Amino acid sequence: PFKKPRGGELSDDEKAFNSLLGSVRIAIEHVNAWLKRFRMIKDRYRGNITDLWKVILFTCAAFNIECPGV
Numbered sequence: 002p003f004k005k006p007r008g009g010e011l012s013d014d015e016k017a018f019n020s021l022l023g024s025v026r027i028a029i030e031h032v033n034a035w036l037k038r039f040r041m042i043k044d045r046y047r048g049n050i051t052d053l054w055k056v057i058l059f060t061c062a063a064f065n066i067e068c069p070g071v
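Counting in our numbering, the sequence shown runs from 2 upward without gaps.
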């Protein structure tokens, strides 16, 4: 993001870029928070490594069903 210079202002393009970047970042943070509820990011996966993709795909599918607009 662009920072406001000391004693100055941001241009309209820089403000628009910061706004767009913020909206993308908040969507990503919401996904991360949702995945943390399943403890996929917080904890170590202790299952069979060949089943890891099944767990990830199931979690992503559940997220897409619950939050289709994100």
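Calculated from the structure, these hints are not laboratory results.
Everything numeric in this text was worked out from a predicted model, so none of it was measured.
Hints may contain errors.
[Said to hold, decoys possible] In the PhoX-like style, the derived pairs of lysine-lysine whose C-alpha atoms are separated by at most 25 Å in a straight line are:
id: 1; residue 1: K4; residue 2: K16
id: 2; residue 1: K16; residue 2: K37
id: 3; residue 1: K5; residue 2: K16
Cross-check of the supplied hints:
no., hint, in the structure
1, K4 with K16, "holds, 10 Å"
2, K16 with K37, "violated, 31 Å"
3, K5 with K16, "holds, 10 Å"
Hint compliance for this structure: hint 2 alone is broken.
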